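Participant: Each chain is listed here by its residues.
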Amino acid sequence: MLDFPRWKIWAVSLTVAIGILFAVPSLIAGTPLAQNWPSWLPNAKISLGLDLSGGSQLLLEADAADAAKQRLAAMEDTVATELRRGDPKIEVGDISTAGGRLSFLVRDPTELDAAVERLRTLTQPIGLTGSRDWDVSVVDSTRIVLTPTQSGSAKALKDAMTVARDVVRRRIDPQGTKEVTVINQGDRRILVQVPGVEDPEALKSLIGQTARLEFKLVDLTADPQQVLQGRAPPGSQVLPLADGTGAMAVKRRVMVSGDQLTDAKQSFDQDGRPVVSITFNSAGARRFGRVTQENVNKPFAIILDEKILSAPNINEPILGGQAQISGNFTVQSANALAISLASGKLPVKLNVIEERTVGPDLGKDSIRKGAIASVVATLAVILFMLITYGRFGVYATAALIVNALMILGIMAIFNASLTLPGIAGFVLTIGAAVDANVLINERIREEQRRGRKILDAIETGYKEASTAIFDANITNVIAAVLMWYFGSGPIRGFAVVLMIGIVTSVFTAVNFTRMLVALWVRRKRPKVLYI
Amino acid sequence: MKLLKLVPDNTNLDFMRWRNIALVLSIIATVASLALVGTRGLNLGVDFVGGQMIRTTFTQAIDVDQLRSRVGGLNLGDASIQETGGPKTYQIRLPKPEGGEAAANRAASRVRAMLEQQYPGARVDAVETVSGKVSQELATDGALAITLAMLGIAIYIWLRFEWQFGVGALVTLFHDVSMTLGFFSLTQLQVDLNVVAAILTIVGYSLNDTVVIYDRIRENLRKYRKMAIVPLLNLSLNETLSRTMVTSLSILLALGVLLLLGPDVIFGLTIAVFLGIFVGTYSSIYISSPILVWLGVKPDSFLRAEDREGAQPEVA
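Residue numbers (our numbering), protein chains in the order written: chain U, 1 to 531; chain V, 1 to 316.
No wet-lab data here; the hints were simulated from the structure. Accuracy of the hints is not assured; some may be wrong.
[Claimed, not checked] With a straight-line cut-off of 30 Å between C-alpha atoms, the simulated DSSO-like cross-links for lysine-lysine are:
| no. | chain 1 | residue 1 | chain 2 | residue 2 |
| --- | --- | --- | --- | --- |
| 1 | U | K307 | U | K265 |
| 2 | V | K96 | U | K155 |
| 3 | U | K524 | V | K5 |
| 4 | V | K5 | U | K527 |
| 5 | V | K226 | U | K69 |
| 6 | U | K463 | V | K5 |
| 7 | U | K8 | U | K463 |
| 8 | V | K5 | U | K364 |
| 9 | U | K178 | U | K265 |
| 10 | U | K8 | U | K69 |
| 11 | U | K369 | V | K133 |
| 12 | V | K133 | U | K463 |
| 13 | V | K96 | U | K463 |
| 14 | U | K453 | V | K133 |
| 15 | V | K226 | U | K453 |
| 16 | V | K5 | U | K453 |
| 17 | V | K133 | U | K69 |
| 18 | U | K158 | V | K226 |
Computed from a prediction, not measured in an experiment: that's the story for all the values here.
Construct all of the structure, not just a fragment, from the sequences and the given hints.
Facilitator: The structure is reproduced here in structure tokens:
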């Protein structure tokens, strides 16, 4: 017991001091003391979970069917470009995307093998398994069928979700200044947390749009009767109007797309109606200029997410790379579209599957009540320890306070969030943290009753209690780890507090109090032990 | 200085004498709890059944029936209104609206608008919308987490001790979790994600006592090879009794303060853990220990097999 080496005293004291030091910024936050806290000391603070700070949380899920459809459409474009415009040119026809597969006819059967060969080069290998993202096969010796492979679709979705996450972040927080959380969860989900936002409607209008912008020429040759029935001439397609008043036939070929934008802003047209002003990048501007030059006095359609916003006439070539998108906008919806366009299109449609909003007052109330409860609970447990164990109760108290501060310090170091259930975890830990000390103290009492001398009793007490302390805490760790693994948001906050609390309470009870006891015994050489 | 001793020194209570009566009572309580959950069911929150929950605090006490009819007047389906944590705080639950997400948005904003209009100053504290898909996942994950925690802990105990101890731990956990669920069925307190966290906490902490007692039983089994199992269990329980009482009391003290002074929103979590610690203390004495007798734990359970065999020739 007495051989508590000097280096160990230093190690324990240093650990405790660092833990407490990191707890201070969180404790003095919001008080005048915070301004006097030197900047060279740690100043990481515990962040508050959404349930305490107030704000909105959305769980978004990718529409897998939409993702597959878009991937198929992209492949269709690629194939058409490669075969029709490639060298030598291979004529294809009767393109179909039915059944989630892309199939088409090669007009000249002698070119079939060359076509397959060129398509194979378009597919990408997946990982090191040798499988590729598309299967290319020949049916009836004239038709080529491209089937997305499972691993290919999975990878495409994964890539799309990474891009989607960044797009969502840019849309919610264009300036990058807010404390928003946007993270991927699982294969096809994105969790969005925005503190301080009480009405999630605005958030959802930003995320709800895929914002795929396309400019296409209106097909003037189409027969209006046929268009009403949804049929368009070859090379064209029928798209609905955004205001729901009908449909229009447009050329399939995309003149310019939203990918070539550098900026989008909400502004007003000459009549004072809200519009979105867009600026193309240099390639987009050149292309837009050329196409408008070739098609003066013809209408072109502005298409957003497969719906025609408007189809203005090209009065003159637009050469500066600047254009306006008109439609039935309000200032708000024009603004939302501008942000969505500027942040890029979402590679996949996202649906809101879970939504939680907490008002700011509830959180403040909870923090106040939680803080009061924590302090009162600590005092109650301290009092209980003092009247039960006397001097050893003082050590247990010291351990308890150090433990509470270290939990806060470690949470600050790892930037963990304190949640409402986390407060319960904190108070529970305060009650349970003394357990290790109780085990030790009871064991010392027992050993003394059995007639051991003071030193021997303390030594045996610490030694014999340690296996029970270890085994008893492991069960808590198992429960807390599973809680963390399966839990979401607030529950994870609870699990984190429990886990940190388990580690710190064992450390403080076993090492810290042992050091205090060793120093006392060494100094005083007590003849009797009241415990 | 006179120190408090909750339990006098050298107690010699004959806990095991009551073990059969305790067993019958425990079985009755467990079966009754499960039957209650089966017949009366649990008041599952939106986390587990999907739908919408709007939590609101009014400036003064209100007429619930009037609020009910006003919400009913919005034609949003079968709404339920519940008082939570004080006479001014209510939670309005709406079923999953038909017509997907857009309809859900409208429902929440219509309730919001109605509240603002009819009850000036009313504060909307929280709105939660959970789709059927997510609620189903949360329910499955919750059940899975609790089951895995119980099994994981039982396996750990089995590895650290002997299989009888693992079985004892599992039965104890089953008892404690059943009682907790029975309590929620009886009171119809809302079961949400927090309650799952509470049950996991109970699974961890209620076994705390059991493990400490098991640890002492193992120690005594090694120390007193000749002692019969029942007196040995009694001895172990008496030796650890003071610790069991002090620890349980200090946890209950802290949680009691949280119940009285803490935030209302986590009342369900706190009361569940509070009761769980209580039940866990009882079950560590009256379920986990007697089960060792029934499963035939003997003083030589902790001698390694080769020790037992190696001892033979020497005797011969």
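Participant: Against this structure, judge whether each hint is valid.
Facilitator: Each hint tested on the structure:
1. U/K307 - U/K265: Since the Cα atoms of U/K307 and U/K265 sit roughly 20 Å apart, the hinted pair holds (cutoff 30 Å).
2. V/K96 - U/K155: With Cα atoms ~33 Å apart, V/K96 and U/K155 exceed 30 Å; violated.
3. U/K524 - V/K5: Holds, because 25 Å separates the two Cα atoms, which is no more than 30 Å.
4. V/K5 - U/K527: It holds: about 22 Å lies between the C-alpha atoms, which stays within 30 Å.
5. V/K226 - U/K69: Not OK: V/K226 and U/K69 at ~76 Å, beyond 30 Å, violated.
6. U/K463 - V/K5: holds, 23 Å
7. U/K8 - U/K463: Holds, at roughly 17 Å.
8. V/K5 - U/K364: Cα-Cα ~40 Å, so violated.
9. U/K178 - U/K265: holds, 20 Å
10. U/K8 - U/K69: At roughly 64 Å apart (the allowed maximum being 30 Å), U/K69 and U/K8 break the hint.
11. U/K369 - V/K133: Roughly 34 Å separates the two Cα atoms, so the pair is violated.
12. V/K133 - U/K463: Not OK: V/K133 and U/K463 at ~52 Å, beyond 30 Å, violated.
13. V/K96 - U/K463: violated, 58 Å
14. U/K453 - V/K133: With Cα atoms ~65 Å apart, U/K453 and V/K133 exceed 30 Å; violated.
15. V/K226 - U/K453: holds, 28 Å
16. V/K5 - U/K453: Distance ~21 Å between V/K5 and U/K453 Cα, so the pair holds.
17. V/K133 - U/K69: Given pair V/K133, U/K69 holds - Cα atoms ~22 Å apart, limit 30 Å.
18. U/K158 - V/K226: violated, 65 Å
Consistency with the previously given hints fails for numbers 2, 5, 8, 10, 11, 12, 13, 14, 18, ordered from lowest to highest.
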